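*Asks:* Protein chains in written order, with the working numbering: chain A, 1 to 255; chain B, 256 to 664.
Don't take each hint at face value.
What the hints assert, rightly or not - If the Cβ cut is set under 10 angstroms, some of the chain A residues that face chain B in the computed set are:
| no. | residue |
| --- | --- |
| 1 | Ala-69 |
| 2 | Leu-73 |
| 3 | Arg-124 |
| 4 | Ser-126 |
| 5 | Leu-137 |
| 6 | Arg-142 |
| 7 | Pro-219 |
| 8 | Leu-221 |
| 9 | Val-229 |
| 10 | Ile-232 |
Claimed, not checked - In silico SDA-like pairs for lysine to any residue, Cα to Cα no more than 20 angstroms straight-line:
| no. | chain 1 | residue 1 | chain 2 | residue 2 |
| --- | --- | --- | --- | --- |
| 11 | B | Lys-292 | A | His-248 |
| 12 | A | Lys-42 | B | Met-512 |
| 13 | A | Lys-31 | A | Lys-115 |
| 14 | A | Lys-174 | B | Met-512 |
| 15 | A | Lys-31 | A | Ala-202 |
| 16 | A | Lys-31 | B | Phe-516 |
| 17 | A | Lys-115 | B | His-327 |
| 18 | A | Lys-255 | B | Ala-496 |
| 19 | A | Lys-220 | B | Met-337 |
| 20 | A | Lys-56 | A | Leu-86 |
It should be emphasised that the hints constitute simulated quantities derived from the structure, not laboratory data. This one's a predicted model, so the numbers in the text were calculated from it and none came from an experiment. Glycine is no exception: its CB is placed at the ideal position from the N, C-alpha and C atoms.
The chain contents come next:
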Amino acid sequence: MRKVLIGAVAAFALSLPFAALASEAEIHIPKEDWSFYGVLGKFDKQQVQRGFQVYKEVCSACHSVQYLAFRNLADLGYSEAQVKTLAATYEVQDGPDEAGDMFKRKAKASDYFPKPFANDNAARASNGGALPPDLSLMTKAREGGPDYVYHLLLGYEDQPPAGVTLSPGMSYNKFFPGHQIAMAKQIQDGLLDFADGSPNDAPHIAKDVTAFLHWVAEPKLEARHDTGVRVILYTLLFTILAFLVKRHIWARLDK
Amino acid sequence: MSTEKSRLQRVFEWHEARLPLVGFIDHAVGTKYPAPKNLNYFWNFGFLAGFMLITMILTGIFLAMNYTGNVHMAFDSVERIMRDVNFGWLIRYMHANGASFFFIVVYIHVFRGLYYGSYKSPREVLWWIGVIIMIVMMATAFMGYVLPWGQMSFWGATVITNLFSVIPVVGKMITTLLWGGFSVDNPLLNRFFALHFLLPFVILGLVFLHIWALHIPGSNNPLGIEVATGDKIPFHPYYTAKDAFGLGVFMLFYFGMVFWFPNALGDPVNYVKANPLVTPASIVPEWYLLPFYAMVRSIPNALIGVAAMFGSLIVLFFLPWLDTSRIRSATFRPIYRILFWVLLLNMFVLGWCGAQHPEGLPLILSRIGTFWYFFHMFVLLPVVGWIETPKPLPASISQPVMPAFKPAE
Chain A
1 MRKVLIGAVA
11 AFALSLPFAA
21 LASEAEIHIP
31 KEDWSFYGVL
41 GKFDKQQVQR
51 GFQVYKEVCS
61 ACHSVQYLAF
71 RNLADLGYSE
81 AQVKTLAATY
91 EVQDGPDEAG
101 DMFKRKAKAS
111 DYFPKPFAND
121 NAARASNGGA
131 LPPDLSLMTK
141 AREGGPDYVY
151 HLLLGYEDQP
161 PAGVTLSPGM
171 SYNKFFPGHQ
181 IAMAKQIQDG
191 LLDFADGSPN
201 DAPHIAKDVT
211 AFLHWVAEPK
221 LEARHDTGVR
231 VILYTLLFTI
241 LAFLVKRHIW
251 ARLDK
Chain B
256 MSTEKSRLQR
266 VFEWHEARLP
276 LVGFIDHAVG
286 TKYPAPKNLN
296 YFWNFGFLAG
306 FMLITMILTG
316 IFLAMNYTGN
326 VHMAFDSVER
336 IMRDVNFGWL
346 IRYMHANGAS
356 FFFIVVYIHV
366 FRGLYYGSYK
376 SPREVLWWIG
386 VIIMIVMMAT
396 AFMGYVLPWG
406 QMSFWGATVI
416 TNLFSVIPVV
426 GKMITTLLWG
436 GFSVDNPLLN
446 RFFALHFLLP
456 FVILGLVFLH
466 IWALHIPGSN
476 NPLGIEVATG
486 DKIPFHPYYT
496 AKDAFGLGVF
506 MLFYFGMVFW
516 FPNALGDPVN
526 YVKANPLVTP
536 ASIVPEWYLL
546 PFYAMVRSIP
556 NALIGVAAMF
566 GSLIVLFFLP
576 WLDTSRIRSA
586 TFRPIYRILF
596 WVLLLNMFVL
606 GWCGAQHPEG
616 LPLILSRIGT
626 FWYFFHMFVL
636 LPVVGWIETP
646 KPLPASISQP
656 VMPAFKPAE
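Please take these sequences and the hints and turn them into a complete structure.
*Replies:* This is the structure we're talking about:
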């Protein structure tokens with residue numbers, strides 16, 4: 001039994017160098033500290049609210065968050081009245097009415113955030129042929145997750161390195177695969193003033209909006225962590241009891 | 256205490272006399288199943304596989320209640336499960352990670368069989384059913400991965416279903432049948448959903464056959480020798496207690512993954528909705544299929560590659576005869592024991608290669624790995640069985656190896 005275990009560990013350990021080899025050629029994304037990492041990690045609601053402001057005032061010009069409904073904002077600490085008021089500042093298409101016509105109305109809490117473009121073709125036409133992706137799942141849909149999104153937002157270089165020629169309309173980004181990205185640099189120092197007066201230098205803005213995007217991608221994260229702690233504690237108790245029961249029963253064999 | 260039977264007990268016995276349901280379970284995994292007393296913790300994994308099958312069926316049924324099998328709605332319906340269905344995130348993460356843990360458990364179960372020679376006479380049919388279960392599991396897992404209709408779902412389905420098209424004569428027809436048309440589209444998603452729902456119950460039926468076939472010869476054991484009746488202990492309470500403890504340890508890992516790293520084993524690209532016009536940078540299956548994916552890509556000829564991939568599984572059916580040694584446990588087989596670990600390492604290397612672009616070092620390694628797999632099965636196993644001198648076997652499982660023979664002086 002012990003030999004088998006040693007062998008299993010050895011086989012696993014021997015295969016690790018191959019795993020290390022795999023990541024050599026890829027772009028290195030530095031790790032960031034996030035409030036939502038860790039065993040009991042939670043969203044910093046103030047930070048996510050600030051990130052929402054960034055999304056609303058900057059990103060939403062081109063990017064949709066199609067799985068986010070106004071009602072979801074209540075999870076960030078906004079009151080029902082605030083959510084309704086905010087929703088009412090948006091217009092959504094509804095219909096057809098009795099005459100068979102589509103019409104515009106003020107958004108309700110149950111509506112989803114309207115997309116900036118009517119369809120993908122319209123989005124491409126306004127963005128030099130590039131399609132701004134939906135951001136609802138962005139922090140889960142890219143290798144590196146929130147760290148990648150954060151560094152991508154800050155990873156722009158005014159001049160590409162020598163020998164790199166950019167296609168027209170493209171920008172150089174250290175962290176984007178292939179380094180040529182259609183989105184121009186957006187996040188800059190003093191880009192906007194936060195409602196709560198928080199620092200508004202580029203790293204803070206990028207951090208806040210990334211936290212918001214991770215909340216949009218993984219809205220049940222806090223429930224997951226809370227439930228997880230309880231499940232693990234229960235399982236641990238079960239395991240200890242099961243071990244004692246097992247030892248007690250097997251002791252009969254020694255008699 | 257009175258000897259009078261209670262009313263409840265009389266009702267129970269009346270029913271058991273007519274349909275012995277409890278007696279059936281008692282014979283299968285209870286007090287009436289005598290098991291060798293020396294089974295180590297590697298014998299927990301059969302039970303754990305059964306536990307995972309039930310977990311997958313239960314979470315799967317609740318997912319199916321909320322999932323929509325249509326190319327325009329599948330991805331959105333999964334997001335709705337994650338966001339709006341009560342505990343939908345938990346059910347889905349348990350199911351998605353459950354697939355990985357099911358394979359971890361089953362692969363350990365299979366390699367335990369390889370190490371201790373559990374496939375050898377008289378357990379060949381038991382082994383066969385196990386191999387069939389593993390193959391059906393792979394098909395089920397692959398089809399399940401297609402259902403969320405993300406980028407990797409779509410492109411994985413495209414690559415794998417196209418593999419069938421290289422089969423001479425009938426290949427194209429098989430692919431068209433799988434697709435239900437001329438490309439990967441809604442008909443494929445629909446039939447994969449139907450089959451993904453059906454196959455777990457086929458596996459459940461096969462598990463019954465597996466346990467039935469187990470009970471004819473009884474459990475193998477770490478020493479691989481026949482076990483005297485006196486060296487057996489009832490499955491319940493001894494192994495039920497041991498399995499319960501093993502289950503607890505296993506669940507700590509499983510739930511650790513579900514609650515803190517639910518997406519670590521998945522490909523991020525599958526959080527992007529399927530798009531037939533955009534091919535992902537690299538198309539890779541889930542980790543548990545990577546070794547076989549490496550095999551198919553290691554061979555330049557597509558037909559031979561596909562034959563190698565399926566052959567690597569089919570060859571397992573012939574293992575009881577390819578292995579010519581009559582000694583079951585690798586404990587007493589000095590050469591085979593080394594080969595076993597090399598084979599296991601080989602699977603890890605192939606798995607790594609399967610995740611890389613098939614060029615340079617990964618391509619060379621996957622060719623060596625594929626060659627070694629078949630070399631192991633077709634050449635090393637029979638030859639080593641003939642030339643190897645096994646260590647002396649103990650007389651019984653309760654007795655250590657017999658003292659070495661000392662000539663009298």
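*Asks:* All the hints need checking, so say for each whether the structure fits it.
*Replies:* Results of checking the hints against the structure:
no.: 1; hint: Ala-69; verdict: holds (9 angstroms)
no.: 2; hint: Leu-73; verdict: violated (13 angstroms)
no.: 3; hint: Arg-124; verdict: violated (12 angstroms)
no.: 4; hint: Ser-126; verdict: violated (20 angstroms)
no.: 5; hint: Leu-137; verdict: holds (4 angstroms)
no.: 6; hint: Arg-142; verdict: holds (6 angstroms)
no.: 7; hint: Pro-219; verdict: holds (6 angstroms)
no.: 8; hint: Leu-221; verdict: holds (9 angstroms)
no.: 9; hint: Val-229; verdict: holds (8 angstroms)
no.: 10; hint: Ile-232; verdict: holds (6 angstroms)
no.: 11; hint: B:Lys-292 x A:His-248; verdict: holds (15 angstroms)
no.: 12; hint: A:Lys-42 x B:Met-512; verdict: holds (18 angstroms)
no.: 13; hint: A:Lys-31 x A:Lys-115; verdict: violated (31 angstroms)
no.: 14; hint: A:Lys-174 x B:Met-512; verdict: violated (31 angstroms)
no.: 15; hint: A:Lys-31 x A:Ala-202; verdict: holds (17 angstroms)
no.: 16; hint: A:Lys-31 x B:Phe-516; verdict: holds (16 angstroms)
no.: 17; hint: A:Lys-115 x B:His-327; verdict: holds (18 angstroms)
no.: 18; hint: A:Lys-255 x B:Ala-496; verdict: holds (18 angstroms)
no.: 19; hint: A:Lys-220 x B:Met-337; verdict: holds (8 angstroms)
no.: 20; hint: A:Lys-56 x A:Leu-86; verdict: holds (11 angstroms)
Hint check: violations occur at hints 2, 3, 4, 13, 14; the rest are consistent with the structure.
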